[in-house]
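Engineer: Sequence:
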Amino acid sequence: MRHTTPAVGLDATRARSHRRRGWLDWAGTLSRAGLAVVWIWAGLAKLTDPNGAVLSVRAYRLLPEVLVRPVAWGLPYLELALAVLLLAGIASRIAGAASAGLLVVFMLGIASAWARGLQIDCGCFSAGGPDASAGTTRYLGELLRDGGLLLVCAYLVWRPQSRLALAREPDQNTVMGDR
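Each step along the sequence shown adds one to the number in the numbering used here, with nothing skipped, and position 164 is 164.
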């Protein structure tokens, strides 16, 4: 005699799985929206003050002068493009990965400035540049903030499915009969 799982037990398991996916989808939506707000804030701050953005990039002393202006002027457009993708829910995994890459670059720049003893405002959300009040706690706070945002990006790369998205990301965790 063969033992079978009652249909009720299977239905209950599917219902729990569906509820879990629902919460994870909303977590993805909040992740997308949160990152988008960060990129909008950062991008608009640079876009509305292009000279301040140039001062910010120059203050890190990492790029040759010929690249300072193109990077400073191009960066807000990249940030705003990522924000649009994230808000719309289009290519969320790619936007999350690109956001993570950009955050890693920012974190390396901040860590480099800290290690070299530069006293600068990062210029993340305003015009940056030399700042005599910048110190260890500010750099550490900026790195922790960006590290937290990096975790949000990792979540979107791992699980890009979310609610209120224009494009549906493929769900790698879905079993064929569970759709």
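These aren't lab readings, by the way, just hints derived from the structure by calculation. Owing to the predicted nature of the structure, the values given are computational and were not obtained by experimental measurement. Ideal Cβ placement from N, Cα and C applies to all residues, glycine included. Among the hints, a few may not be true.
Simulated restraints, written as ranges between beta carbons of each label pair [unchecked claim]: (1) Val37 x Gly141: 16 to 22 Å; (2) Gly148 x Ser112: 28 to 34 Å; (3) Arg116 x Leu144: 17 to 23 Å; (4) Asn51 x Leu108: 21 to 27 Å; (5) Leu44 x Ile90: 29 to 35 Å; (6) Val66 x Gly101: 35 to 41 Å; (7) Leu108 x Leu44: 39 to 45 Å; (8) Ala33 x Pro130: 31 to 37 Å; (9) Arg69 x Val104: 35 to 41 Å; (10) Arg69 x Gly22: 22 to 28 Å; (11) Leu63 x Ala154: 33 to 39 Å; (12) Leu63 x Trp41: 21 to 27 Å; (13) Arg116 x Arg69: 40 to 46 Å.
Engineer: Can you give the numbers of the hints that this structure goes against, from lowest to highest?
Structural biologist: 2, 5, 6, 7, 9, 10, 11 and 13
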